[in-house]
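Colleague: So you can see what is in the structure, the chains are spelled out below.
There are 2 protein chains.
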Amino acid sequence: MKDYVFGVDLGGTTVKMGLFSTSGELLENWEIPTVTENDGERILPDIAESIKAKMSEKGFMPEQILGVGIGVPGPVDKDGVVHRAVNLGWGQFNVARQLSELTGLTAKAGNDANVAALGEMWKGGGQGYQSLVAVTLGTGIGGGIIIDGKLLSGTTGAGGEIGHIHIEDDEEEACGCGNFGCLEEYASATGIVRMANRILERTTGDSVLRGEELSAKAVFDAVKEGDAVAILIAQEFGEILGKGLAMIATVINPEVFVIGGGVSKAGEILFEYICPAFEKYVFHGCKETKFTLATLGNDAGIYGAAKLVMEE
Amino acid sequence: MKDYVFGVDLGGTTVKMGLFSTSGELLENWEIPTVTENDGERILPDIAESIKAKMSEKGFMPEQILGVGIGVPGPVDKDGVVHRAVNLGWGQFNVARQLSELTGLTAKAGNDANVAALGEMWKGGGQGYQSLVAVTLGTGIGGGIIIDGKLLSGTTGAGGEIGHIHIEDDEEEACGCGNFGCLEEYASATGIVRMANRILERTTGDSVLRGEELSAKAVFDAVKEGDAVAILIAQEFGEILGKGLAMIATVINPEVFVIGGGVSKAGEILFEYICPAFEKYVFHGCKETKFTLATLGNDAGIYGAAKLVMEE
Chain A
31 MKDYVFGVDL
41 GGTTVKMGLF
51 STSGELLENW
61 EIPTVTENDG
71 ERILPDIAES
81 IKAKMSEKGF
91 MPEQILGVGI
101 GVPGPVDKDG
111 VVHRAVNLGW
121 GQFNVARQLS
131 ELTGLTAKAG
141 NDANVAALGE
151 MWKGGGQGYQ
161 SLVAVTLGTG
171 IGGGIIIDGK
181 LLSGTTGAGG
191 EIGHIHIEDD
201 EEEACGCGNF
211 GCLEEYASAT
221 GIVRMANRIL
231 ERTTGDSVLR
241 GEELSAKAVF
251 DAVKEGDAVA
261 ILIAQEFGEI
271 LGKGLAMIAT
281 VINPEVFVIG
291 GGVSKAGEIL
301 FEYICPAFEK
311 YVFHGCKETK
321 FTLATLGNDA
331 GIYGAAKLVM
341 EE
Chain B
31 MKDYVFGVDL
41 GGTTVKMGLF
51 STSGELLENW
61 EIPTVTENDG
71 ERILPDIAES
81 IKAKMSEKGF
91 MPEQILGVGI
101 GVPGPVDKDG
111 VVHRAVNLGW
121 GQFNVARQLS
131 ELTGLTAKAG
141 NDANVAALGE
151 MWKGGGQGYQ
161 SLVAVTLGTG
171 IGGGIIIDGK
181 LLSGTTGAGG
191 EIGHIHIEDD
201 EEEACGCGNF
211 GCLEEYASAT
221 GIVRMANRIL
231 ERTTGDSVLR
241 GEELSAKAVF
251 DAVKEGDAVA
261 ILIAQEFGEI
271 LGKGLAMIAT
281 VINPEVFVIG
291 GGVSKAGEIL
301 FEYICPAFEK
311 YVFHGCKETK
321 FTLATLGNDA
331 GIYGAAKLVM
341 EE
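Sequence order for the protein chains is A and B. Each number in the numbering used here corresponds to the 1-based position in the first sequence with 30 added. Each number in the numbering used here corresponds to the 1-based position in the second sequence with 30 added.
Be aware that one or more of the hints could be misleading.
Remember, identical chains collapse to one label, so a pair may be satisfied in a single copy or spanning two.
Unchecked claim - Taking lysine to aspartate or glutamate and the EDC-like style, the derived pairs with C-alpha atoms no more than 20 Å apart in a straight line are:
1. 310 to 201
2. 310 to 203
3. 310 to 198
4. 317 to 107
5. 320 to 107
6. 108 to 302
Worth flagging that the hints you see were computed from the coordinates, not collected in a lab.
Turn these sequences into a full structure, and let the hints guide you.
Modeller: And the structure:
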């Protein structure tokens, strides 16, 4: 009986690991450090070691394990091949195959943002939906697209890179990707701070934000207190993100957007700013698209990685 | 043995019908008029009648027919339910089920632009690809998205409505859909004429286009002759369409864009104007996306409708 499955969320500094029952219960989770030296050659062996140690601690036989899924911070195509993960020092190779050889278990790999989307669909804010776009508003903007229950990985593993859709023609500062005017230059946590600084410069009104250490949290805390300048910032954030999500909805017509990442801690108030712009720009056939908050936080990756193994 | 399949492309004035071998050979095609009176209540019975007549003419038994596929000019979800087709007078009902009851055959239904994309993948410009976006530059802009060989219908049948992604913030003329600044206001056949008129007004240089009856064809014919104003129009067309397709590629990372519709008769020269803008705006992981021309013309719909029946 295949009763258990491992979910691995591989980050630049730590590897989050989870042991799940195949019914979706998180039985145990732990972390190991990510050793990126020598082009990250220790990363997969370390993960395999940790899985084997857990199996022997629990007295599990390989026959009891459905497999191991892993989310990787870089483009991964549907065959499990990573096409470069700069934070790990990795070039191009088949992660799924290598992890399978090292563990003796079935293994699957996906991009971390895509895998997190699968986690939110399985046990988080996207539960009950079959077609969703997960939007992670963190340092950058990550995206994961699920259509009819299946991950859209993209031809070169770059599916769902929604932080880099072009949204503003007149931007003069480059995005980390090298382009100008990407969505994440405005609507990520860092993008909000960048926009806030611009708005604070061009306005003169009193604001609790002046002189304070700026953060996305500080902005939305001020919005909740009715700070007029903060509200202006939130409106510009909502206008740009709503417009971007409207384009995405017009192309793929999902059931729901699941909004996560640090910025989403501001809560439902985000939708007051995103949704009016979304409705203004979206094609009328997609106006009913729903919005909800992600609920798994940092665990979305391990849930999704475990779910990846259960696909097909 | 299921040797044959019918493909039906339902338009506002005529119904195109095709009899195919299941290996994909078009054996015969014909047309019947679309009778839209009384909310289009005759349309499906007329189609069923025509199929039965063809079967009896050929001496086919129902056991020899794999089924009938139909492309409908309106949003159709993956269960075969149309959500309103204004040109036909149709409201919401299950087209696939009704056509199946009328013919006694397995039936499937899809949106016409989506179905045409399937046709181009099967036997047209998209042959050999599994993930593509078909872009039909006609009176409007239609889109059809195929991911890993499967149509992306969308939650409410509005998947692939790429003509209505928001592309320009400062547009004052409304699109047919009611929004302002949709892609098809610039890059469809009518959009090109609209843009051409604006550019002819704001420039003074000599051009063969002045005083002539404007059309997308006239514009690209003039481009081929080196007409400077026509080249300006083509550049603006390429900038806007390239930008729109870059957004789409950044979201779904397809293998190829298959460009069809009346405007595509201009040929490969279109790519000289679309591709530089595409490369400027697209996420670097999607820069290798290919561009090709559609090859099936008006037959894409019947091919795709036949292929729809063969899915799964």
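Colleague: Now, for every hint given, state plainly whether the structure supports it.
Modeller: Hint-by-hint comparison with the structure:
1. Proximity of residue 310 to residue 201 under the C-alpha cut-off of 20 Å is restricted to the inter-copy arrangement: shortest distance 14 Å between copies versus 23 Å within a copy.
2. Only between protomers do residue 310 and residue 203 lie at most 20 Å apart by alpha-carbon distance; the minimum there is 15 Å, versus 27 Å within a single protomer.
3. Taking the shortest Cα distances, residue 310 and residue 198 sit within 20 Å of each other both inside one copy (17 Å) and across copies (13 Å).
4. In this assembly of identical chains, the alpha carbons of residue 317 and residue 107 lie at most 20 Å apart only when taken from different copies (15 Å versus 31 Å within one copy).
5. Taking the shortest alpha-carbon separations for residue 320 and residue 107, only the inter-copy value of 17 Å comes in at or below 20 Å, while the best intra-copy value is 28 Å.
6. For the identical chains of this complex, residue 108 and residue 302 are neighbours neither inside a copy (36 Å) nor across copies (32 Å), given an alpha-carbon limit of 20 Å.
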